[in-house]
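Residue numbers (the working numbering): 1 to 86.
Accuracy of the hints is not assured; some may be wrong.
Taking lysine to aspartate or glutamate and the EDC-like style, the derived pairs with C-alpha atoms no more than 16 Å apart in a straight line are [unchecked claim]:
id, residue 1, residue 2
1, 63, 4
2, 76, 32
3, 62, 4
The calculated label-pair distances, taken between Cβ atoms and stated as ranges, are [claimed, not checked]:
id, residue 1, residue 2, range
4, 53, 81, 53 to 59 Å
5, 75, 18, 43 to 49 Å
6, 64, 16, 21 to 27 Å
7, 16, 40, 18 to 24 Å
8, 83, 9, 53 to 59 Å
9, 83, 8, 50 to 56 Å
10, 31, 65, 41 to 47 Å
11, 35, 15, 24 to 30 Å
12, 42, 76, 33 to 39 Å
Just so you know, the hints here were simulated from the structure itself, not pulled from any lab data.
Model, not experiment: these values are computed from the prediction.
Backbone N, C-alpha and C fix where the C-beta goes; we use that ideal spot for every residue, glycine too.
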Amino acid sequence: MGLDLCWPIGLMFSLIGAMLAVTGLVTSSNADMYKRSLDININLWWGLVLLAFGVFMLLLAKKGSKGADQKPPAEKPQVTINQPRR
1 MGLDLCWPIG LMFSLIGAML AVTGLVTSSN ADMYKRSLDI NINLWWGLVL
51 LAFGVFMLLL AKKGSKGADQ KPPAEKPQVT INQPRR
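Based on the provided sequences and hints, a complete structural model is requested.
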């Protein structure tokens, strides 16, 4: 079966991570927004984490699809010995 969930998972996490990281970059000058999170730009950091995970999943999917393209090794023919019935 050729179903590989790494592609959609990688695309989803990469897209959400990129959007969250861009939001963190755009709002980084707003100090009031990050008072509740101890002045940590949580949007930027979690966006980068999600983006890194999404890229990792896409790399796994690409690596897995290379192995699926190769032909499986040919099976050795089974040798049967006919023994006389008793």
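Hints and how they fare:
Restraint check for residue 63 and residue 4: the C-alpha separation of about 11 Å stays at or below 16 Å, so the hint holds. For a cut-off of 16 Å, the pair hint linking residue 76 to residue 32 is broken: about 71 Å separates their Cα positions. Distance restraint check for residue 62 and residue 4: the Cα-Cα separation of roughly 10 Å lies within the 16 Å cut-off, and the hinted pair is therefore satisfied. In this structure, residue 53 and residue 81 meet the distance hint of 53 to 59 Å, their C-beta atoms being roughly 56 Å apart.
Hint check: residue 75 to residue 18, Cβ distance near 46 Å, so the stated range 43 to 49 Å holds. Between residue 64 and residue 16, the C-beta spacing of about 22 Å keeps the proposed range 21 to 27 Å intact. For the pair residue 16 and residue 40, the beta carbons lie near 19 Å from each other, so the given range of 18 to 24 Å is met. For the hinted restraint 53 to 59 Å between residue 83 and residue 9, the CB-CB distance of approximately 55 Å keeps it satisfied.
Hint check: residue 83 to residue 8, Cβ distance near 55 Å, so the stated range 50 to 56 Å holds. Take residue 31 and residue 65: their Cβ atoms lie about 46 Å apart, and the range 41 to 47 Å holds. For residue 35 and residue 15, the hinted distance range of 24 to 30 Å is satisfied, since their beta carbons lie about 29 Å from each other. Residue 42 and residue 76 have their C-beta atoms about 58 Å apart, which leaves the hinted 33 to 39 Å range violated.
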